[in-house]
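Protein chains: 2
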Amino acid sequence: MHQTTESKITVQKVKNSRIAQVDFKNLTFGNIFSDHMFECDYINGSWQNPTIKPYGPLTISPGAKVFHYAQAVFEGMKAYKDDNGNVFLFRPELNHERINKSSVRMAMPEFPKDIFFEALETLLQLDQEWIKPGMGNSLYIRPFSIATQVGVSASPSDQYKFMILLSPAQAYYTGDVKVVIAQKYSRSANGGVGFAKAAGNYGAQFFPTNLAKAEGFQQVIWTDANEHKYLEEAGTMNVFFRINDTLLTAPTGDRILDGITRKSVIDLAKRSHIKVEERPVLVSEVVDAAKNGTLKEIFGAGTAAVISPVSAFSYANVTYNIPSNNHEYALKLKKELMDIQHNVAEDTFGWRHQVV
Amino acid sequence: MHQTTESKITVQKVKNSRIAQVDFKNLTFGNIFSDHMFECDYINGSWQNPTIKPYGPLTISPGAKVFHYAQAVFEGMKAYKDDNGNVFLFRPELNHERINKSSVRMAMPEFPKDIFFEALETLLQLDQEWIKPGMGNSLYIRPFSIATQVGVSASPSDQYKFMILLSPAQAYYTGDVKVVIAQKYSRSANGGVGFAKAAGNYGAQFFPTNLAKAEGFQQVIWTDANEHKYLEEAGTMNVFFRINDTLLTAPTGDRILDGITRKSVIDLAKRSHIKVEERPVLVSEVVDAAKNGTLKEIFGAGTAAVISPVSAFSYANVTYNIPSNNHEYALKLKKELMDIQHNVAEDTFGWRHQVV
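Protein chains in written order, with the working numbering: chain Y, -8 to 347; chain B, -8 to 347.
Incorrect hints may have been included.
It does not matter which identical chain is used: a pair holds within one copy or between any two.
Said to hold, decoys possible - In silico lysine-lysine, DSSO-like type, Cα no more than 30 Å apart, as pairs:
hint : residue 1 : residue 2
1    : Lys169    : Lys6
2    : Lys204    : Lys104
3    : Lys69     : Lys92
4    : Lys175    : Lys220
5    : Lys16     : Lys326
6    : Lys4      : Lys254
7    : Lys326    : Lys69
8    : Lys16     : Lys266
9    : Lys175    : Lys254
10   : Lys266    : Lys169
11   : Lys220    : Lys92
12   : Lys92     : Lys175
13   : Lys44     : Lys16
14   : Lys69     : Lys254
15   : Lys266    : Lys6
16   : Lys169    : Lys4
17   : Lys175    : Lys6
18   : Lys204    : Lys261
These are computed hints drawn from the structure, not numbers from a lab.
Please put together the full structure from these sequences, using the hints given.
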């Protein structure tokens, strides 16, 4: 254990790396973690003892509020390595802003920007061998904050733990993604927490998603809870619809996550003079477009999935295949996005943040 | 440690009870736990190793899904002791049914009824000194289930931990409860998880409740997310409105918890020939009734609060005091309910479940 002079973060290095045990060619998403993790506790009104230490279990009371009231928020980010060993984050300041917005909505304390970045950069320097070069390889980064005060009264915690875990991720072919448009279940409502990366938004989707899976679909596209008339998001991805040559996507707001991949896809599309409309998208217009052949593509956009082309959707028990199904815009935008992320293309937007 | 012959539950008793350190006359709700707790793990598709052991911390991976996706449900129950040392639960089969309904909605495995009851009864026998006789004293019981699989992919856990904690609770005077009727924030929507005791439903309410507290109110009465026209519940309590001599309360459904105290209050009211209407209750009719003097009472009903009279509500920035404010029905129903719970009155409904 040592404390660097310029750093507020205490660093306890592992004695022996576990990296040799990892088969980087056969990774399952999100279940292997790198050698180190970051931990910082909120006690008596301030964040204290920022520490990087070997990845390992927590000791926590079963009465901690996170278990009972899900005061818990998170982020998803990735680090990329180019062929020269340089390591980059992608628009990380947006993740920092968003976890703080999520925290405010969940009555949790915001996390300081300087420690957030110092923690990320120190972690990634320590665990840089866990980031493999090559298009699609990355180190998935999971910052999260949880309520640790012991007590089963339904009120905000006065203690929290902020952590960052790192998990190596691989480019993988997900196969055809088929989705169901929600007609009964819902994800969020106006005045709720749908815009936040609050833990509870995710667990609540598993049951309806299981129902979709039982019918051969992989994901649900959520609609407004009130009338199920408007297309919103897919829970782990924002969704784009290409009708003729125009991309449509729902506007962000109370109910929809302000996705960083979503935002970037819009900018990339506009750069290529693709028309993008951020507006409420009717289920009926997408169904009509599927029927009359003007629906050319559907794709999801999110950090974990990057850009995920959809080959078919189900609505009111009818399955509509995407007519052309060449995923032209999805694949073009995905390549442009990944080329920037992996330092293959010029970063005209200033999105890359070099770490190593 | 020993395993009783008739029991499937392994029991590890504490060497020294902590009970002498507890000031039972000055308890804060929910932050002291009794000597023992129950724990049972779901692994490979079945609940395994049911164990009662000394209350103490868990060792759990920071990658456990409960921290990231809030697959977590809970129950609230109480055990009561009469002056002869008999210990009772109140309609515990309803808590068992409800935690299983909550679990299904959160894509979590149901918990077997026989182990649930055996765990409760064994725990309460072991920790019966923690239940103090006297009207309003109780041992609050917190069964809960959490996702323990390690992994940050957004999909259901394949491992869970079911636990029961016990926390001594005291009769306490909460003071006048003043509430705000929600106009901007919302708690749940059709197709969502509002009917479930899912952890995420609670954390999501803390921020809007803090806003209400900053204006001198203690709780929020939630309204429908769509139009904020209908009164729903108070998050930790169902709500009753007495207009003239009729009690109104919202019907249960997707959005409203099927409260056991709510259900019992309805039965007790009907037994006294008080008219009860379970139907959508308009904000406007309660506001009108407050204005014309026909609104006689508002009260909340829930396990922790029992019955909690409301002295004033705020709507559209106007505060309405309850005109008569003698809490006639609330106090009558509260007395009848507590007399049954504490074995002071005859149990005509068969609600008591004797444990010791």
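We went through each hint and held it up to the structure:
1. Lys169 / Lys6: Intra 45 Å, inter 57 Å, cutoff 30 Å: neither.
2. Lys204 / Lys104: This pair counts as between: shortest inter-copy Cα distance 29 Å, intra-copy 39 Å.
3. Lys69 / Lys92: Classified as within: same-chain Cα gap 20 Å, cross-chain 37 Å, threshold 30 Å.
4. Lys175 / Lys220: Classified as both; 11 Å inside a copy, 22 Å across copies.
5. Lys16 / Lys326: Within one copy only: 21 Å inside a chain, 67 Å across chains, cut-off 30 Å.
6. Lys4 / Lys254: Answer is neither: 37 Å inside a copy and 56 Å across each miss the 30 Å cutoff.
7. Lys326 / Lys69: within (16 Å within a copy, 58 Å between copies)
8. Lys16 / Lys266: Neither way: Lys16 and Lys266 sit 38 Å apart in one copy and 69 Å across, limit 30 Å.
9. Lys175 / Lys254: both (29 Å within a copy, 27 Å between copies)
10. Lys266 / Lys169: Within one copy only: 25 Å inside a chain, 52 Å across chains, cut-off 30 Å.
11. Lys220 / Lys92: For Lys220 and Lys92, the Cα distance is within 30 Å both inside one copy (28 Å) and across copies (28 Å).
12. Lys92 / Lys175: both (29 Å within a copy, 17 Å between copies)
13. Lys44 / Lys16: within (26 Å within a copy, 43 Å between copies)
14. Lys69 / Lys254: Only inside one copy: Lys69 and Lys254 sit 16 Å apart there, 50 Å across copies, limit 30 Å.
15. Lys266 / Lys6: Neither way: Lys266 and Lys6 sit 54 Å apart in one copy and 72 Å across, limit 30 Å.
16. Lys169 / Lys4: neither (44 Å within a copy, 53 Å between copies)
17. Lys175 / Lys6: For Lys175 and Lys6, neither the intra-copy (52 Å) nor the inter-copy (53 Å) Cα distance is at most 30 Å.
18. Lys204 / Lys261: neither (34 Å within a copy, 45 Å between copies)
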